[in-house]
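Trainee: Chain residues, written in single-letter form:
2 protein chains.
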Amino acid sequence: MGDAAADLLIADGRITAVLPGGTADGSLPLLADGAGQLLLPALVEAHTHLDKTLWNMPWRPNTAGPTRWHRITNEQTVLRDEIRVSMAERTGALIEHCIAQGSLHIRSHVDAQTAWGIGHVEAMLDIRRRYTDLVDLQLVTFPQGGMLCSPGAVALMEQSLALGVDVVGGIDPAVIDGDPIRALETLFGMATRFGKPLDIHLHDLGELGRWEIERICDFTQSHGMQGRVTISHAYALGAFAPADLEPLADRLAALGITILTCVPMHFTVPPVALLRSRGVNVAAGSDGIRDAWGPTGNGDMLERAMFLGLRYGWSKDAQLADALDIVTHGGARALALADYGLAPGCQADLLLLPSENIAEAVINRDRRRTVIRRGRLVARDGVFLAPR
Amino acid sequence: MGDAAADLLIADGRITAVLPGGTADGSLPLLADGAGQLLLPALVEAHTHLDKTLWNMPWRPNTAGPTRWHRITNEQTVLRDEIRVSMAERTGALIEHCIAQGSLHIRSHVDAQTAWGIGHVEAMLDIRRRYTDLVDLQLVTFPQGGMLCSPGAVALMEQSLALGVDVVGGIDPAVIDGDPIRALETLFGMATRFGKPLDIHLHDLGELGRWEIERICDFTQSHGMQGRVTISHAYALGAFAPADLEPLADRLAALGITILTCVPMHFTVPPVALLRSRGVNVAAGSDGIRDAWGPTGNGDMLERAMFLGLRYGWSKDAQLADALDIVTHGGARALALADYGLAPGCQADLLLLPSENIAEAVINRDRRRTVIRRGRLVARDGVFLAPR
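Going down the list, the sequences are from chains V and U.
Be aware that the first sequence starts at 3, since it is given in my numbering, and climbs by one per residue.
Be aware that the second sequence starts at 3, since it is given in my numbering, and climbs by one per residue.
Everything labelled a hint here was simulated from the structure, so no lab data went into it.
These numbers come from a predicted model, not from an experiment.
C-beta atoms are modelled at their ideal positions from N, C-alpha and C, and glycine is treated no differently.
Mixed in with the good hints, there may be bad ones.
Not close to chain U: a few residues of chain V, all C-beta gaps over 10 Å, as computed [to be verified]:
hint, residue
1, PRO22
2, GLN39
3, THR69
4, TRP71
5, ILE74
6, THR75
7, ILE120
8, GLU248
9, THR298
10, LEU322
11, ALA338
12, PRO356
13, VAL385
Quick list of simulated restraints, FRET-style, between CB atoms [said to hold, decoys possible]:
hint, chain 1, residue 1, chain 2, residue 2, range
14, U, ALA320, V, ASN58, 49 to 59 Å
15, V, ALA338, U, GLY119, 51 to 61 Å
16, U, ALA245, V, GLY119, 42 to 52 Å
17, V, LEU379, U, ALA245, 51 to 61 Å
18, V, LEU379, U, LEU32, 37 to 47 Å
Kindly produce the complete structure, drawing on both the sequences and the hints.
Mentor: Set out below in structure tokens:
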């Protein structure tokens, strides 16, 4: 990601050397000619809901009612009763689209709700097997309909983890589950018992949300979960002056808790610059991509980086580099990816695109992307190449 | 813009008939095969600053300081002292890019500030002549550095109008000009004397901004300027509960005042749905496109419609159709375009794109656009065709 031209040598799916441009042995086979292009590590989609997507289907007008409970029950009707396209088709097509845009590491929350029992989890585990050579798919048990308040949800979450789901997920311990301390005891207990990290959706607002974040800090500390907890959304942190949040930011940093934002334009957002300046890891995701909750989203994490710029009023190159860092290294830290980056020894998961520099790449989101997965070409000119 | 297939007959640059799909005389020459595509009237870019753009230049890191005055003086340094690419080259390339994306009607504010005297105005008038067959370019005298507070600005504005600029422009009568009533007297006096409409940048916030909007209503009424005034930005209207604004919205509607938003993601925005529901015309624009103020913007008014959806949390097809209406008919009303639309008799200024419907067009922003100007093909597949 520096400015100088470089030749990357790749063997066995890893970067073996980074040489000054034009100095590599010309007799080596050329995987991709990146001359004049910008090289980035593959993008990280750190929060989405692939099991819900209506991607690759004819347009479906949104039919949800106004509240969150309307949207949850509407989605149950849509996915269970209305559509006839399998999750494998919808989600598979979206994963290929994400790969073609340069995202090779995806954390996807998978519903563990009684409306579909273990069905979504099993289907997503199948899909993960199908795409295992092409993308890192990290799955989170997600109690969309609530955990404590939804009989059977805890058992489904545990069953999901036993089947191979990677991360324990939670949602709004206060407003949805109604008993924040017991909800956190359940989540952290489950995470500790299964030896899994945690990723909690926290939409709860204002003082309530901030109080819950403080309690998540307490539990992270008491359960020895440092570096293994993500708080997704964290709208509440947008309700305070950044300076008021410095002690909390310092605590989040010390505990290695990631704050993840999907960069909503019509909710408050956490003060990303303040958080990063205090050492908190920040990651980003698309949230739902064209699903029964809403039609927006296209899985392009460069566009999400541009959204960070718009949402926070970032116009300087260094700020736009921060935006890119959030959708690359920030996501990699949240997902605890091993050997991520452009250094020798890193996995050769790469994105090449015709951009002058990082700031321009974020602003222009050029779609002519070349994507390399473990040293193999998987997309060219933004088009997914079927595995050979 | 209905759902049914249609054949459009075009003669002398106008739509002469709209027939059911497949019924037109097959021996007529085919201008564009829109089979299965969506037909829209050309998009309307109702607020931009073409004279400032750094389009078609190598990437230039933003160097402005933190305040608005820093940005104004920084821009003077950049445009006057640093760059060597002429306005004709920068702005011409951007206009062609806008055309290729389907915008055939553009209102551009042109600096009338003493830093460059009448230079920007003369250059933009030249550019307008050069592109007159391809795009409607409506120019506004814009006192970027203030009007009352900047000696010589009023004379420059009057000189601009005498040279052929179409609209009187203003900026923040209170915070920038320091004397809101005298500023409005000057603006409305000038508009009345020259027989021109008005478009006032209003960034002033909260109660102050709302009070100024009320005064703009007073002046619109007393000067008989009904239907000829636009208030651009109007951030202040985002500071109040929509219900508190109903009487003011009714007054704006009765006076035919347009509220224009560039859909900023990090400022408050006017309550567009409330305004429209009370009959206020709403238009939208890109604001600056890659200039010394900031690097964002690409002139794509379909993307701007998608931004409206994101900013206001619109997910229903009817809401996304509202977003499209704002960047088409809303803009056309603000610019007082004659014979705009898809009905027989309208100018044949058209956009065709491979979208299933309006909502999908707004969300996906497909770039494979075919653009027709007065019955002539001017862009295909999103690529500008040089005039023949």
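Trainee: Each of the hints needs a verdict: does it hold here or not?
Mentor: So, going through the hints one by one against the coordinates:
| no. | hint | result |
| --- | --- | --- |
| 1 | PRO22 | holds, 23 Å |
| 2 | GLN39 | holds, 14 Å |
| 3 | THR69 | holds, 13 Å |
| 4 | TRP71 | holds, 16 Å |
| 5 | ILE74 | holds, 15 Å |
| 6 | THR75 | holds, 16 Å |
| 7 | ILE120 | holds, 29 Å |
| 8 | GLU248 | holds, 20 Å |
| 9 | THR298 | violated, 6 Å |
| 10 | LEU322 | violated, 7 Å |
| 11 | ALA338 | holds, 30 Å |
| 12 | PRO356 | holds, 13 Å |
| 13 | VAL385 | holds, 14 Å |
| 14 | U:ALA320 <-> V:ASN58: 49 to 59 Å | violated, 24 Å |
| 15 | V:ALA338 <-> U:GLY119: 51 to 61 Å | holds, 60 Å |
| 16 | U:ALA245 <-> V:GLY119: 42 to 52 Å | holds, 44 Å |
| 17 | V:LEU379 <-> U:ALA245: 51 to 61 Å | holds, 57 Å |
| 18 | V:LEU379 <-> U:LEU32: 37 to 47 Å | holds, 40 Å |
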